[in-house]
Every structure is written in C-alpha cells, then in structure tokens.
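Chains as they are written, first to last, in the working numbering: chain Z, 840 to 1451; chain V, 840 to 1451.
Among the hints, erroneous ones may be present.
Copies of the same chain are indistinguishable here, so a pair counts whether it falls within one copy or spans any two.
[Claimed, not checked] Under the rule of at most 30 Å between Cα atoms (straight-line distance), these lysine-lysine pairs were calculated in the BS3-like manner: (1) K1316 with K1031; (2) K1357 with K1428; (3) K1031 with K1078; (4) K1134 with K1357; (5) K1186 with K1031; (6) K1062 with K1186; (7) K1316 with K1186; (8) K1078 with K1134; (9) K1078 with K1118; (10) K1118 with K1186; (11) K1062 with K1031; (12) K919 with K1078.
Hint data in this document are derived by calculation from the structure and do not stem from the laboratory.
Listed below, chain by chain, are the residues.
Protein chains: 2
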Amino acid sequence: MWQYEAPLRDMRYVIEDVLGLPAQWAALPAFAELDADTARAVLAEAARFATEVLAPTNANGDLEGCTLADGEVRTPRGYKEAYRAFVEAGWPALACDPAVGGQGLPQVLNAALYEMLAAANHAWTMYPGLLHGAYECLHLHASEELKQRYLGKVVSGEWLSTMCLTEAHAGSDLGLLATRATPAADGSYRLKGTKIFISGGEQDLTDNIVHLVLAKIPGPDGKLVPGTRGISLFIVPKKLVDTEGRLTGERNDVALAGLNHKLGYRGIPNTLLNFGEGKYPVRGGAGAIGYLVGKPGEGLRCMFHMMNEARIAVGLGATMLGYAGYEASLDYARNRPQGRAMGPGGKDPAQPQIPIIRHADVRRMLLAQKSWCEGALALELYCARLVDELHTGAPEAAAEAGLLLEMLTPIAKSWPSEWCLEANSLAIQVHGGYGYTRDFPVEQYWRDNRLNMIHEGTHGIQALDLLGRKVVMDGGKGLQLLAGTINATIQRALAVPELAGFANELAAALAEVGRATKAAWATGVAEEALANAVPYLQAFGHTVIAWIWLDVALCAHAKLGQGAAADDEAALRGKLAACRFFYRHDLPKVAAWLQVVASRDDTCRTMAEEGF
Amino acid sequence: MWQYEAPLRDMRYVIEDVLGLPAQWAALPAFAELDADTARAVLAEAARFATEVLAPTNANGDLEGCTLADGEVRTPRGYKEAYRAFVEAGWPALACDPAVGGQGLPQVLNAALYEMLAAANHAWTMYPGLLHGAYECLHLHASEELKQRYLGKVVSGEWLSTMCLTEAHAGSDLGLLATRATPAADGSYRLKGTKIFISGGEQDLTDNIVHLVLAKIPGPDGKLVPGTRGISLFIVPKKLVDTEGRLTGERNDVALAGLNHKLGYRGIPNTLLNFGEGKYPVRGGAGAIGYLVGKPGEGLRCMFHMMNEARIAVGLGATMLGYAGYEASLDYARNRPQGRAMGPGGKDPAQPQIPIIRHADVRRMLLAQKSWCEGALALELYCARLVDELHTGAPEAAAEAGLLLEMLTPIAKSWPSEWCLEANSLAIQVHGGYGYTRDFPVEQYWRDNRLNMIHEGTHGIQALDLLGRKVVMDGGKGLQLLAGTINATIQRALAVPELAGFANELAAALAEVGRATKAAWATGVAEEALANAVPYLQAFGHTVIAWIWLDVALCAHAKLGQGAAADDEAALRGKLAACRFFYRHDLPKVAAWLQVVASRDDTCRTMAEEGF
C-alpha cells in the first residue's frame, strides 16, 4: 500500500527549497499570514488522510468497480466514507476564496493535496478532481444568484461537479456539439442532448451533482450556430435547488444512459448522460433545466479555467501514479533477493544472493522512474506556483506567470501522461512475473495511468496547441519568455563546475528546439509545420524537464555545500544522480525527435491511405 | 474481431517474395516435395481456422478467465472445442518429423500458423505454444522407451506439455533450484518441490499433461549440487502412462496449489504446482514419479531447444498482438469521422468532417504500428527460416544459420515485446476514449502483451545474453557474421538510388553498434561493460529491424519495377513508406541509446541505494 514518507519529503523539498515558496508567500498580501510550519502541517495532514483513509480503498475499488442498480450507481465499498471524511475535514475549500467559505491557501498546497490523494487512490480522487475547477469557473463567471445557489456547496464539497463536453459524433471537435439549450420564459433554459465520457456523471457520494454543460442556444431561425462560437455554458443540477441552495425535492431531467467498462479507473463510473430526453419530466415537461453561466456564445471561454486546471490535474495524477509505482518497485527491489553480484569477471554463483536493487539494470529502471516522476512532480508544483502568481501576484508578475502557464500547460499535461506511464511499465518490470499479477499494485497503476494521454485533450491535441498556437502566439512572445527563464537557470548552472556540462547540454537542446520551431514554420504552411507536432511535443517536454532537473540539481548542490544532515545528504545526492540520469539517458532523444520536425518530414502527411 | 486478409497477404509476401522460400525449399531434400501452392493452402487454412474457430473465443476468454472448482481448472467457454478442432485438423504435427507421425513441413509454416493463432486469441495459443518445443526436446534427448510412451501423443497434440523451471526463491537464477529428484529402484525418480508461473499447469483441454521439469538429483551425501551444473530434466506426467502410451488410471503426485490473478492472458491459468507433496500418493508413496530425459546434470542443455523456441515464440506472439491492434486501429481510423482537413492555413470548420485516418498524427500512429509490427513479423519469419536451415541445410549452411539464430534470438524475443506493446498503446490512442473501454479489443491486446518483456527471460536477461555472451563468443564470430549479412543488404541497396540513403544510415548505425560493443568491453571489466546492457539491446534491435526493413524495401522496389497489379502496387508503396518511417522516426534513437554504452556510463551502476 501507498507510503507517504518519501514523496512528502520530496514535495517539501520542491516547495521549500527549490521553489523557495515560504519566502515568496510572505511577499504576497494573499498569503502573508502563511508560514512554512503551517504549510508543512497541511502537507503532513494531507499525507495522513491519503494514506490512512484513502489508500486502503484503492485495490478493492479496482476489483469491485462501480455497479448499477435501478439506474443508480453504487461506488465501491469505502468510497462514501472516505468522501465524507474528506468533506468534514474541509479539504475541498483549501484553496478557495475566504469570501465564499474557502481557506485561502495557495494552489501549490491544493496541488500537493491532490498529489497525495492521487497516489493513494486515483480513481476516487477523480470525484473531487473537478471541484476546484468548477469553483473557479462559477466564482469568475456565474451570476450572483447562481453563486448564491451553488457556489457554497461546491466550495464545501457537499455537492460534486462534472464537466460535460464530449458528444459521440464530435469527440475532440467541439464545434459540432448538438446539445440544444432553448430559452424558457423564466430566464432558465431547457437542454436536450447526450454527453459521453462523463466521469462521475452519476454517483452515490453526494446528494446533488452540479453538471457544467456545454450546449448551443438556437438562433432566431431555430438552427444552431456552427463552430465553437455558438457554444454556451450552463449549470444543470441533477436535483433542483432553491434560491438559498436547498434541494427543492424535484429531480431534473438528467438520466444515466449507460456506463463504460474500462481498462482502469474502475472505481469511478464513466457515464453516458441523457439531458432532457423526458425520463424525468420536471416542472411540467421534458428538457433538463439549466442556467446560463457567463454570456451566450462564451461557453468555451468560461470553461477555459476549468479545462486548463483539468489538464494540469491530469498531469499531476499521471505523475503520482508513476510515483506510487516507483515507491512500490523500490520497496520490492530492496527486499527481493535474486542473482549474484557482478564482479570484474562476471557473476560468481558461489556468492550469496543479493537484493535485486544491486543489479545495474534494476537501478536503471529505478533511476528512470525517479527521474521521470520526481521531475514531473517538480514541474507540476512549479505550474501550481504559477497559478498562485497569476491569481495573487502584482500585475506584471501575474501576466508573466499566466504566459508561462500557457506555454507549460501542454507539457504539464502530456509529459507525465507519457513518461510516468512508462515509469509504471518499468515498475512492473522490476517486479518480474509478480508485477503481472494482482498481488502487487503496479499493474493497476499502469492500467489507471493509460487514460491520461487521452482525456482532457489527447497527445495530438496538446501537440497542436503547443506548436500550432502557443509557440507562435504574439510573435513567439511565450516561447521567448520560457527560453529566457530556462536560460536564467543555465547561467546559474554554468557557474557550478559539476553542473556546467549539463547546462551546456540544456542550452544545446533549447537551441535545437528553437531552430526546429523556426524550420517547422519556415514555409508558413500549417499542414507542413504541424505534420510532426507530437515528436515536437516530446522533444519540447524533455527539454522542459531537463531544465526543471537542472534547477533541482542547483538547489541540491547548494544545500550540500551548506552541509546537510546524513540522510538529507543521501537524498540530495540521489537528486544529483537522477538529474545525471536524465541528461545521459533521456536528453539525447531530443535530437532524434527534432529531426523530422526540422526537416518538415512528410512521410506521415503524404502516406497513401490504401498503402496501410 | 480479428480479420486475416492483410496479415495473410503480408506473410505470403515475406515468405515468397522477401525470403524467396519456395525456390529454396526445392533445393532442400527435406522439403523438395513442397511447392508454393501447398504452402499457400496451409497458410490460408491456418488463417481460416484462426479467424473462424479461435477469434470468437478471445474477448470472452478474457472476461471469463479460468475458474477453479474442486481443485480442477475450467478453461473459458469455447476453448475446449477450439482445441479439439485444432487437434483433429492435425495442426500440432505440422512441422514434426514424419518418422514420428509429423507432417514434415518447414518451421516457417509452423511459425506462420502460430502467428495466425496468436493474433486471433493469444491466451488460447499459449496452451499448444510449447508443443513444438516439447517435441524437439523429447525427439532429440529422450530415450526410445520414453519416446514410445510420450512422443506420439505430444506430436498429435492429444496431450499438452508444460515447461517447469521457475521456483519462488530462485526466479531467473536457476542455479538455486531446490526441486529434488531421488532415484527409485526401477530407474524412475521421485520429485519433490514447488514450481511457480507454470502456464497451463492444469487445464481441461487434454486428458494428460506432460510436465517437463528441471530438478536436481542429490549427490551421495544427499546434498544438491549448487549452480546450474546440478540441474537435470525430467518428464513428469500428470497421469501415469504404460509402455504403449496408454493411461494406466493412476494419478501422479502433482497438485495444483494455486492460480495467479493476472493483468492479461486471462484465458490460460498461471499455476503454482506442488510436485510430490503427497496430495496424490502414487504406487505406494508420496513423490511425483518422473523420468530422466538426457543425461544427469544436462537438464539445461536438453531444455535449450525448448527455451530458444519459446523465446522466439514470445516474440512472435508479441508481434501478432501488435499486428492485431494495428488492424483494429486501422479499421477504426478509416471509419471514424472527426475533425476537418488541415489546409495551408489551418483547419476550416465549414468543411465536412473527415475520417481520422486523414490526420497526419493518426497516420503517424498507424505508420509506427505498421513499421514495428510488419518489421517484427519479417524478423520472426526470417528466424523461423534459420531454424529450418539449421535442421535441414547442408552442414556449413546449417552451422551459419545456427550462429545467426543465436545472435538474433535475444532480439527476436525482446524487440517485439517492447515495440509491439508500444504499438498496442498507439492502437488505444487512435481509438481515443473508446480505446480505454472494453467495447474495442485494443485494451486487451495491450494487457496481454505486457507479459512478453517478462517471461522466458526478461529484457535484462536478454540484454546480458546479447552483450555479455553472444557478441563476444568465439572472438566475436557471431557479430561478424551478422554484420556481414547486414552489409550484403547494404551493398544491394546502395545500387538503388531511392534506397541508397537508407543504406548509408544503416551502415552508420551498424558501425556505431560495432564501436559501442568494443568501447563497452574496452576495459574487459564485465560490470562496466554490462552496466548499460538494455540500451545496447534496444540500439542493436533497432539496427536489426532497420536491416530487415531495407531488405523488405529492396524486394518491394524490385517488384514495383517489374510492374505490379494496382492493389499490389499500393501495398508495395506502403512497405516503402513504412521503411522510410522507420529510418526517419526510429533509427535516429540508436545514437541516443549507444551514448551511455560507448562511454561505459556509470550513473546506474554506482547509484547509492540510499539515494533512491
């Protein structure tokens, strides 16, 4: 089962030492009251909750899955009790505005909380996983009346939220949405349409569910506006609510139409929801009653925060599944005896067996996991810090943080989805045949993690966002800002002899990324530039993680120079080794990925369909 | 469900055109009677059996799994009937010696048969998957009396076989085996010990099971000889057999002690077997009755063929799971409309949706699968051809084939295990969210395929075999032979302007592999040389597959020059595109992997355990 000591220490290391946040909080009016001890206490308590309450429900939740009886979803044993404890402890409100019942703590601590939860039981964590995003969305865009009805319950976690975007015929292509929202006389709307892939679209954890639904308001001709401009955002509650936020006792016309049977995340149902088909007629007719959030046609803009938070949350969850697998395989490798030590002349069968952690290849698999998962964790916490700066910093700093966040979101989402999944595969491999059985948790982590390259925008979508939009917007302003930020780290590392070599390698990789970006767009033809967007995303991601590692290594080096305690010293030297691993084993792949980008290689783009 | 047309055409293309086997068979006395039409008829019938009889049992077999009732294993519905049809059609005897009831056809056709079976239902295919290896082992090493009792039933498939090596405390370290074989007065032995991870160790498909078991005969002091020199091989039947090969009605003392619950391959039980614990006392006492195969202490040598065949069979199965996923995702991509065409200025939402196969990134994912799976298939068939040459060729050619086979076995086992698993992940990705559900077969392929990097020698073991033994044995004779064979392809391709660029890239990769091999061993210190054996295995494997692709492309180019029919032409151009994909997107990774090998990078080897 999940043990929190090492990742907790790691999170504290990133938050306190690498990012130096306690000192920065003091400078921000919003967090001026927050000191390092309080932050530590929050982290420790989050770790305790995740380990003691949540982790014991993980394996069973996967085995049991969600069941359907009389149109109602039953969550696995223990999920409900864990959720109740979560709400009672006040965790949902952690990073919400005190003005609406929140605790006003930084997003960094909220991210750390969700990291703990995800490592302990990721399927369960997906239930409250959209809470904060829904809070942001309503807080920023809903009318005062809607806030009065819903916001408090969302902040407290008493009600959970969903994000209803996808429709079967449209997939990633939101412009084709066909869910229709017809205005009613009282200012509300009636929605009709079917949404798929809605996680937690039905559950027994909360009395009500606040669905946030994208739909189109028909024009005067009764037709829907084509494209994404026609999309608006609505609150559609499962049960109707009075002006004080109390249930009226009326069920809204939202019906569960089916569950998907999934590879992983089996503790949370993935649902098909029918809005307004008339299964639960309400207030005199069919049609799900919904309330407009923000202005008509601005649905995507209103959901933007929620979507961006969801993307970072995906990366964060992927990271922690990787981390949980790393910890499990490390534990196995320390305790499983097998094989003999390799001497200069090979192995001597007369020697006693050794724990497999002493074999170089097992260490390679552990170091790979360590460098991928700890690197990703540092990136995710850095992004959470940018969110805090965006929300609470001075205008210029906030704008800069927002731009960096835009640049890094595709990486924060996609990179852990790919590499921490690969880490899970190595965690299985370290276990040998046992890793393929249900007796160890690693196969579940691997299955769970496979979704993360798909939902909230696939790898392909993230790649188009990065190369097609983010690096070229405003004449490349975002890319320049990120490159400048990376260069600042490079400059610092060049001054440290042990790290100067890595700094030069990172500078070379960054220059290659820059050249490839220009070369991809050299003809200005989008289909040529974007034909190899995914290899570009991979190369960009590796460069970003190499930068993060150099930053982490600089901090470790500095702390070692100050003279650290013995076990701290071992951990800090471990950080330096993981950084070295990433530079030696992983960073050289950047050149391989960029070749096709820089040459605008057309192998994929021009492949004849009948040739497959 | 699995459709065989495309892979059948592909197998015929490799067998007839790339390898030119029909002409070579005519020159070999053993296959002089075999013509291309007969071989085609065998392939077509194998495809029909796999598709019509076997494929319908695949998804259900996974869902249902094997069940245990009263100590007996029940296989999933339809498995028994499919196995009966398989035996009745005479498939098990396909490539066995006619002198013992076989059909005497080439191993290449047997490989193609098992490829069809594996693509249709890999879990089921594992039941007869060891048949041919057991036949080889008994045919070569068993006494006439044992052959009289067992060989006919193994050849006909009436009884299935298992390979019982692993013990819980020993894992890959066979020298530690503790199963004890005590000689009895009548020349037989009594075995006591426990074996784990035995696929099909108990089943309801056949009346008897012929376990091939590694155990140690105690010395005069009653102690077991340490290390692998003490290991002998035994036949231990589940039920005893008289001298004519009939069941005597006595059950041997072999007891099922448990089943593993697995990530995949759920249609075949993975068992824990107790030999001789006294659960089924037999002929007056406890102890499983066994019969020595070959000489005492030569157990590993006797099992060598079976193990090597099993390793190639793992690669072959991994390949076909990849292939099945490729076909499934290709079908999905052709039929799923989503998104708009990318024009020079980007996407135009006013255009109608297009099938996703038209998006460059979907083509990238399909081309990657195609290049990995078709490349692996060609390698596996090439290896099967080497087996035929080893068994039936003139002495010099046979020796050369045997040496090439030794070099290529670690690649044939490991490369598809890694890259066709990656192909399965891309097949999921092409399906988007649907790929994560049980409504499509790709998630099962991915789960099934994950075992293949583990069993029959992990990636780490294959890497040590390659870099620690194969490339250095006999002063590097095997590596020189393989390099010479690859160079012959390079020379031919240099003469073809369209392929000369690839030939040069392959030559460069091959030279880098050679340099890295020398550099790894430059100090002669095994632990330094072998510290990065897995990256070496990966680089070596990519170089081998690049060679295979160049061979395939040469053949396609020649056929196009001769003027092919229209649909043949499209397929041949598809081969050229897949070759190009592999050279542009994959081969550049070789340099990244070899850096750590050539520099004898010690990051992993010297990592401090307390730094993790």
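Hint check results:
1. K1316 with K1031: Classified as neither: same-chain Cα gap 42 Å, cross-chain 73 Å, threshold 30 Å.
2. K1357 with K1428: Result: close both inside a copy and across copies, 20 Å intra and 23 Å inter.
3. K1031 with K1078: Classified as within; 16 Å inside a copy, 66 Å across copies.
4. K1134 with K1357: Neither, since 38 Å and 69 Å both go past 30 Å.
5. K1186 with K1031: between (70 Å within a copy, 28 Å between copies)
6. K1062 with K1186: between (76 Å within a copy, 23 Å between copies)
7. K1316 with K1186: Between copies, since 23 Å is at most 30 Å while 56 Å is not.
8. K1078 with K1134: within (24 Å within a copy, 78 Å between copies)
9. K1078 with K1118: within (14 Å within a copy, 61 Å between copies)
10. K1118 with K1186: The answer is neither: 71 Å in one copy and 39 Å across copies each exceed 30 Å.
11. K1062 with K1031: within (14 Å within a copy, 79 Å between copies)
12. K919 with K1078: within (19 Å within a copy, 52 Å between copies)
Violated hints, in rising order: 1, 4, 10; the structure is consistent with all others.
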